[in-house]
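Chains A and B are the protein sequences, given in the same order. Just so you know, we're using this note's numbering here: the first sequence kicks off at 6 and counts up by one. Just so you know, we're using this note's numbering here: the second sequence kicks off at 3 and counts up by one.
It cannot be assumed that every hint is accurate.
[Claimed, not checked] Simulated restraints, written as ranges between beta carbons of each label pair: (1) Met305(B) / Glu61(A): 22 to 30 Å; (2) Glu12(A) / Leu363(B): 47 to 55 Å; (3) Gly44(B) / Ser66(A): 42 to 50 Å; (4) Arg73(A) / Asp365(B): 46 to 54 Å; (5) Ile244(B) / Arg83(A): 20 to 28 Å.
[What the hints assert, rightly or not] Below, a sample of chain B positions facing chain A; criterion: calculated Cβ distance under 10 Å: (6) Pro101; (7) Arg103; (8) Gly243; (9) Met245; (10) Gln249; (11) Gly275; (12) Thr279; (13) Pro494; (14) Gly495; (15) Ser500; (16) Ala504; (17) Glu507.
[Stated by the list, open to error] Pairs of lysine to aspartate or glutamate, DMTMM-like flavour, derived with a Cα cap of 25 Å: (18) Lys522(B) / Glu61(A); (19) Lys429(B) / Glu61(A); (20) Lys515(B) / Asp476(B); (21) Lys515(B) / Glu358(B).
Everything labelled a hint here was simulated from the structure, so no lab data went into it. These numbers come from a predicted model, not from an experiment. From the three backbone atoms N, C-alpha and C, an ideal C-beta is built for every residue, glycine too.
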Amino acid sequence: MADATPEDVARVQAIFQEALNIAAPDPDLDIIEAALLDSLGLIALLFEIEQQFGIEIPLESLEIEDIRSVSSIAGLLRQSAR
Amino acid sequence: MSERAATSAPASALLHERVSASARSRMSQTALVMGAQRMTYGELEHRSDRLAGALIAAGVSPGDRVALLIPKSPAAIVSMLAALKAGAIYVPVDVANPPARVQRILDSAEPSVVLACAASARLLGRLALGCPLWSVEGELHGARAVADAPDGADGDAPPRAPIGARDPAHMMFTSGSTGEPKGVLITHAMVLAFLDWALPHFGHAPGERISGHPPLHFDLSTFDIFGTLCSGGELHLLPAGIMLPGQLAAFIRDAQLTQWFSVPSTFAYMVRGEALTDGDLPSLKRVIWCGEVMPPAVLAHWMARVPQATYTNLYGPTETTIASSFHTVAEPPGDITAPIPIGTPCAGEQIEVVGEDLGALPDGEAGELLIGGAGVSPGYWRDPQRTAAAFITSPDGRTRRYRTGDMGVRDSHGVLHYLGRRDGQVKTRGYRVELGEIESALGAVPGVGECAVVAVPSDGFEGTAICCAWSPIDGFELDPAALRSALSQSLPGYMLPSRWMALSELPRNSAGKLDRNGLKRQFSERAGDG
């Protein structure tokens with residue numbers, strides 16, 4: 006997986022806080038383990054990321070590791086079509 | 003409004019008593035399933051009786067609030083029922099919310115007890131509670147553990163609190179236009195009126211396996227929870243960690259669910275994730291959605307792959323309880339640009355299309371939707387001003403109707419169609435947003451000359467993108483990130499625009515007025531390029 010830039014990490018954290026009303030998690034916190042997101046929260050998060058970054062996330066090949074932390078979600082941005 | 007309405011209806015018209023009546027004839031059958039966890043009707047009754055007894059012993063009285071800081075789970079459902087059996091109003095809180103928002107909700111609700119679990123430990127560490135904290139599952143610092151309280155002797159009379167059908171059962175906090183949470187009061191009678199229509203209509207029966215997807219703080223959850231338990235079915239809750247499109251499909255497939263009830267963005271997510279194959283999910287009899295507009299292309303995809311199920315659109319805001327109208331789609335949409343109707347009112351509900359003077363409009367004319375009947379809430383918790391603005395009482399005082407802020411039209415067949423939010427309002431991710439409020443906040447940012455905020459339909463998971471066009475004043479360095487940051491000081495996150503366009507001047511129409519439709523087109527075209 007491509008490394009996430011600090012800017013992307015900060016923006017994904019901002020989306021948690023602003024769009025989902027979820028306190029911004031540390032970049033490497035296991036958000037699945039911490040049960041910060043349920044499926045509806047994840048869907049809203051991915052929707053908002055697509056909107057704000059103008060990208061399409063390849064949902065058909067999405068894996069749990071891609072969404073395990075803010076860092077891995079930010080890394081996902083690099084692999085998505087702009 | 004008073005915190006407890008007068009009690010006049012017979013006690014059997016209470017939600018938890020309906021569940022108990024259903025449980026008594028099937029004590030050894032499964033009521034709740036979540037992952038490897040199963041709970042029988044007998045266990046659910048026993049545990050909720052015991053917890054209700056503890057609440058009553060601790061002084062919880064009819065009309066008191068009991069806050070639930072517990073994600074949807076068997077323990078959460080035990081807690082809901084226990085609060086109701088104690089005569090209290092349960093107040094579900096999203097434990098993923100920032101502590102400041104949870105604190106505002108608790109300060110407003112003033113619960114007598116907070117029921118929590120180990121999953122809410124991080125949140126609780128940052129809250130100031132003015133009442134006792136109990137843990138219903140797992141260890142929690144500073145909490146009284148009630149999960150393992152000693153059993154009462156068998157044959158103890160179950161607790162019974164003196165409340166009536168018109169007393170509130172729960173209170174759901176939704177976001178107000180200023181970002182301040184407001185509590186919508188929902189009575190026992192309101193939920194039961196919906197179930198009295200829905201259960202026979204959809205054919206709920208013992209042995210059905212029904213999904214429990216919407217979280218407790220969405221009022222849709224009361225349909226899957228009480229609908230299943232009152233009809234003797236099995237409620238299958240999504241275990242934490244079921245997140246990917248394929249996992250959602252596998253959950254339905256493996257549990258052999260007979261009903262799947264969710265919001266359209268979940269359906270769209272599963273389509274884009276290519277989660278469904280031809281002839282998939284053969285156990286499904288009913289597919290139901292509510293809360294958002296279902297994209298017809300998404301529905302067509304589902305109906306092609308899961309052809310044996312019946313597909314029903316439900317429509318209605320929290321303020322009128324779960325849903326107020328329904329439309330069952332007979333055939334897969336041929337024209338994917340034609341929106342799916344919101345249909346006809348559920349039994350006991352009335353929907354009127356009215357003009358700006360609130361007078362009824364003839365069929366074929368677009369106006370605001372007003373909802374009356376059995377589902378109309380008594381109002382917002384301790385907020386007579388906003389209650390009076392949103393709920394209209396007839397001059398004779400006998401009927402109350404809720405102003406939805408939704409626009410619609412009734413066609414010549416009597417079928418209602420949804421036309422979006424009232425001018426200047428949009429709905430995004432379930433929140434109602436006033437575009438004018440965003441514009442005034444933008445206008446106050448130094449360096450912003452003219453500005454306009456418009457809503458544009460988006461082809462993402464969900465309906466609407468908030469778009470901002472502005473003209474910078476010479477000499478100011480402003481980019482979208484700086485504007486966003488400035489706006490976030492005064493607006494809640496869901497009101498922040500997601501698309502931005504700087505223009506030297508904003509487009510005008512021939513009358514010299516701001517050309518909002520032109521702006522919408524520009525934003526739509528731009529999105530198409532990306």
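Status of each hint after checking the structure:
1. Met305(B) / Glu61(A): 22 to 30 Å: 24 Å, holds
2. Glu12(A) / Leu363(B): 47 to 55 Å: Distance hint for Glu12(A), Leu363(B) holds at roughly 51 Å.
3. Gly44(B) / Ser66(A): 42 to 50 Å: 45 Å, holds
4. Arg73(A) / Asp365(B): 46 to 54 Å: 53 Å, holds
5. Ile244(B) / Arg83(A): 20 to 28 Å: Hint holds: Cβ distance 26 Å, inside 20 to 28 Å.
6. Pro101: OK, holds: Pro101(B) within 10 Å of chain A, min 7 Å.
7. Arg103: 6 Å, holds
8. Gly243: 5 Å, holds
9. Met245: 5 Å, holds
10. Gln249: Holds - the Cβ of Gln249(B) comes within 10 Å of chain A, reaching about 8 Å at its closest.
11. Gly275: Since the shortest Cβ distance to chain A is 4 Å, the answer is holds.
12. Thr279: 13 Å, violated
13. Pro494: Result: holds, 8 Å to nearest chain A Cβ.
14. Gly495: 3 Å, holds
15. Ser500: 4 Å, holds
16. Ala504: 16 Å, violated
17. Glu507: 25 Å, violated
18. Lys522(B) / Glu61(A): 21 Å, holds
19. Lys429(B) / Glu61(A): 22 Å, holds
20. Lys515(B) / Asp476(B): 23 Å, holds
21. Lys515(B) / Glu358(B): 23 Å, holds
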